[in-house]
Structure formats: C-alpha cells, structure tokens
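So the chains spell out like this:
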Amino acid sequence: MEIPAIVGAGLVVIGAGIGIGRIGGSAMDAIARQPEAYGKIQTAMLIAAALIEGIGFAALFAV
Amino acid sequence: MFFVFNKKLTFAPILIRLTENQRFMIHQSMRRTLTLLLLTLGWVSYAQHEPLAQDEAGGDLKAKIKADIQHHLQDSYDFTLLSDEETNIHYGFSLPVILWNDGLKIFSSSKFHHGEEVAEAGGNYFMLYHNKIYKTDAEGTLNFDENHHPTNTKPLDFSITKSVFSTLVVSLLIFLLFSSLAKSYVKNGGIGKGIGRFFEPIVLYIRDEIAIPNIGEKHYKKYLGYLLTVFFFIWFLNMFGLTPLGINVTGNIAVTFALSLITFLITNLTANKNYWKHIFWMPGVPMPMKIILAPIELLGVFIKPFALMIRLFANISAGHIVLMSLIGLMFVFKTWLGSSLSFMLAFAISLIEVLVALLQAYIFTMLSALYFGFAVEEHEHEEAHH
Amino acid sequence: MEKLIEQFSFGLFIWQSLIFVLLLILLKKFAWKPILNAVNEREEGIKNALAAAEEARKEMQNLQADNERILKEARAQRETILKEARELKNTIIAEAKEQAKEQADMLVVQAQQSILAEKQAAVAEIKKQVSELSIQIAKKVVANELSIKGNQEQLIENLLKESNIN
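Protein chains in written order, with our numbering: chain A, 1 to 63; chain B, 64 to 449; chain C, 450 to 615.
Heads up, none of these hints are tricks.
Lysine-lysine pairs mimicking DSSO-like chemistry, simulated, CA-CA at most 30 Å apart:
#1 A/40 - C/477
#2 C/482 - B/336
#3 C/521 - C/532
The set of hints was computed from the structure by calculation and includes no laboratory data. Everything numeric in this text was worked out from a predicted model, so none of it was measured.
Turn these sequences into a full structure, and let the hints steer you where they fit.
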C-alpha cells in the first residue's frame, strides 16, 4: 500500500501547527508573567514560529 | 500557521466578469455604466482574457473562478484592469516584450492580442501559451509532448511584465517618498515633514528593535540600509497587492528568490571567521559531533534563505488564493444570504491580510537581521559563559 | 516543487534583482543616510540639551548654595558689625560717663577749693576788721586808761597777755 505524499505533508503541517500553537501559548504565559518583557518575548516567539513555519512550507512544497 | 491566514484582495476581475456573464440580470447599457463607474472608482482590478464560452452553466462558473485565480497569481505581459468578455475589449495598457532570440526583439505585448494571435518580430514568430512565450512558426503551431508541455523553444525573456512594471512604479514611489522625507529634514532643521513623517517611527523601530538587538551596536550600521529597503519594499508591494490593481509581485517565486538571494549573499559575503568556524568546526562539542554537525550547519546556510523565499511567497500567494476564492464564492452562492456571508468573510480576511502584509515584511526583515547577526557575531566573550 | 520551478520566471528575477539593487543604492544614498543622520543629530541634540539642562540645574544649585552661603556670611558679618557697634556704643557711653564724672568731680573739687579760698578770705577779712576794730577800741581805751598812770601799765600788760593768746 502506498501512502500519498500529501498525507505526509499534512502530518508535517499538523506538527508545525501544534509547534506554533505551543510557542504562541507559552509566549502568552510568559507575557502574562512578565508584561515588561513583552517586546523581547514577542521577537523570540516570532523567530521560533517562523523557523517552524519554514519546515511546514518545505513539506508542503516538497509534495 | 501564517499560511492559513493569508489572503489577498483582487475583487474586480471576478466581479466584473461575472457581472458580464449574468447579463440577463443587468441591462446592457446599465452594465456599461457600472463598469465605467467601477473603473473610475478604482475598484476595478485585473482581468485575464481567455476566450470564454458564451453559455455558462454553474460548473463553468467555478472553473472560471479557478482559472481567474490562477491567472491572477501568475505574471502577465500586459496590465489589464478589466476586460469585457462579451465584446472582448480589455481595459488596461500593454507593456513592452523584450526577447533575446537571434538578437534582441522588442515589441508591444498588444501584438499578442491577449494570447489570441501570433506575434511577429524581426522574422520570428512568438506565441503566448499559458502565459509563457514560445517560438513558433507563422501559424503559431505548438508541439506538445506526452505531458502536455509544449516542446517549442522558449526565448530568453526579459519583458517588462506586469510585475516588473509594478515593481518599478512602487520602487519609484518608495524612492520619492523617502528622498522627500530626507530633504524635508534638511529644510526644516532636523524635523521631517509631509507624509514621509508617518514612516519615521517605523524607520526608527527597524533601527532600534530589529537591527541593533539582532546585529549588535558595533556592526548594525553596515546592514541598516538593506534592512530598511527590504522592509519597505516588501511591505509596500504587499499592500499594493491588496489594492484592486490586482498586482501580485511578492507572491511571485522569482521575486522572493531575488530578495532572499540578496540576503544570502550579504550574510555569507560579510561573515567573519567565527561564523565559518561555527559551521565547519563547531567549537565546544566532541570530535564526532563536529563531523556530524558540519554538513547540517552547511545545509542550514542554504535552508535559511530558502525558508525566507518560500515563506514570503507562500504567505502572499495563499492569501491571494483564499481572498479571491471567497470573492468568487459570492457569485457561486446565488442567494443573498450566502453571498453576503462570503462578502463579510472576504472583508474580514482582507483586514487580516493587511496585518499579514506588514507581518511578512517584518519577519523577512527580522530574520535577515538575525542572519546578519549570526554572520558578524563575536563569540569570544560568550564562550566563557558556556 | 516542480510547479514552483516551472513558475519561476528568469526575466522577472533579473529585473527584480536589478530594480531592487538600484533602489537599495539610491535609497541608501538619498534617503537612509540623510534621514538617519538627521535623526541621529536630533537625538544627539536632545541628549546634549538634556545634559546642558542638567548642568544648568547643577550650576543653579551651586549658585543657590553660594547665594545662601554668601547670605549667611553677610548675616554673620552684620551680626558682628552690630555687636561691635553695640560694644563701641557702650564703650563710648562708658567713657563719656567717666569723663563727665571726672569733669563733675573736678568741678566739685574746684568749687570746694574756691569755696574754701573764699571762706579763708572772708575769715581773713573778718579777722582784719576785728583787729582794726580792736585796735580802735584799744586806742580809745588806751587813751582813756593812759590818762591814769597805774592803769596804763596794767593795760599794757593785759594787752600783751591777750595778744599772746591769739
């Protein structure tokens, strides 16, 4: 039985989605705990999210 | 993912064309007035011009919307604002086609008659097929292989296409905006004046929040010009993509490739010894790890700009697809409820798109700054801490 | 992926790179440099102005302290001067009193002396007159007495006795 590539891509996207969701959630927690560090947390969050997003795109376009 | 939220706005093509198609609903003269009105209001966007079957059923409508979206995403050889399918008149202007094939060939894209005719230039014949130029004989014969790809030779194409034209106009706009801002500083004794002043805090934000923290106080000056330029370039093009002009520059892989290539070149050409040492001979890890890490790190050098390229391209083109699909839905649902719902959805999504336009420009700039920061980082002090 | 590669337009890539690099160079020269310079200058100016204000504030404080010090000194000086003056006044008054007293004493002494002298003069005068009177009386008496011989001798004797007593 052959699994279509798009299924794999979908799995990667699910993984990336969970990853970015966790980053966002953790960032919210961190901001709630330390509102004064808002800018730094946001920057770090965006960078991490962008890196995971890159993996997601790689999977999508590899199909 | 950002991907999901990306949509771009180009109402007019579908709007106009579908209006035309449902001509039983709107009287001929009334429709012309409407078209003109839309044109004057600037609501009119891009329309592509495939020969259309005159009698359309529902299935054709969906196929047509799909084709419209496909056409919108691709570059085009003329700048069409809208087209009247009934009379086959296209409102817009043609752009120069520049080909290199047996010498330089320059002619107006109007010669193609929107893909319907064979263009002749200097004894050679060219034909548009799926928005690409192929060299043909005088009759415009195209030979296909088994995969339905034309086997005709493609001439080297340096045409001023719609995207090139839009880029030129937007670049000119950016240049005029910021050079006038720069001049106003001199004239007003250090205080900016005019519209450009709105952008001054953004310039400062990029310097203080993106360049300095990521690159460092010592080296940031070298890169600041590029970061500022790339930010405003992407942002403005993204925003113009949301206007009904119907341009899609940043959702074009060649454009994002060019931008990320420049980031890649700047990163690696200005990198210091430390950067290369961290790639090929990672300090502070055991010997076998060094050997394993080297190819991974080296791959990372290429993956970083690649991700930059794909991210911008995917976000913007996905945005355009979703937005245009939602607009198309208005015409698929022929009930007021469905249409108004999809209108509201399209409206909300366009608002998100405005945010995404800024966010993508920010991320591109931010990540470029981060990579530059890696390239010039000096590890000596940090090593002691680890 | 193949679709992406197929979509890739080399002409667009070339134009795009060209336009972007041109824009980058032009903006760097005509926009970013002057804008950032102006902003830097302004920030520098603000920083300098703040520093100058701080300096001025400090100077002001110094000045105020100086003023206070000078005022204090002046007050102290005034105190001293007043004290000195008071002392001087007291001395002068005391001296004057002394002098006055001396003068008065002297006057009193002089008065006493002159009174004494007057008194002596008066006494002398009285004595003189008394003696003259006595002589005249004596003359008469003598003249009378002398007319009687026995008496004469006795009288002389008595007179001599009497004058001896004095």
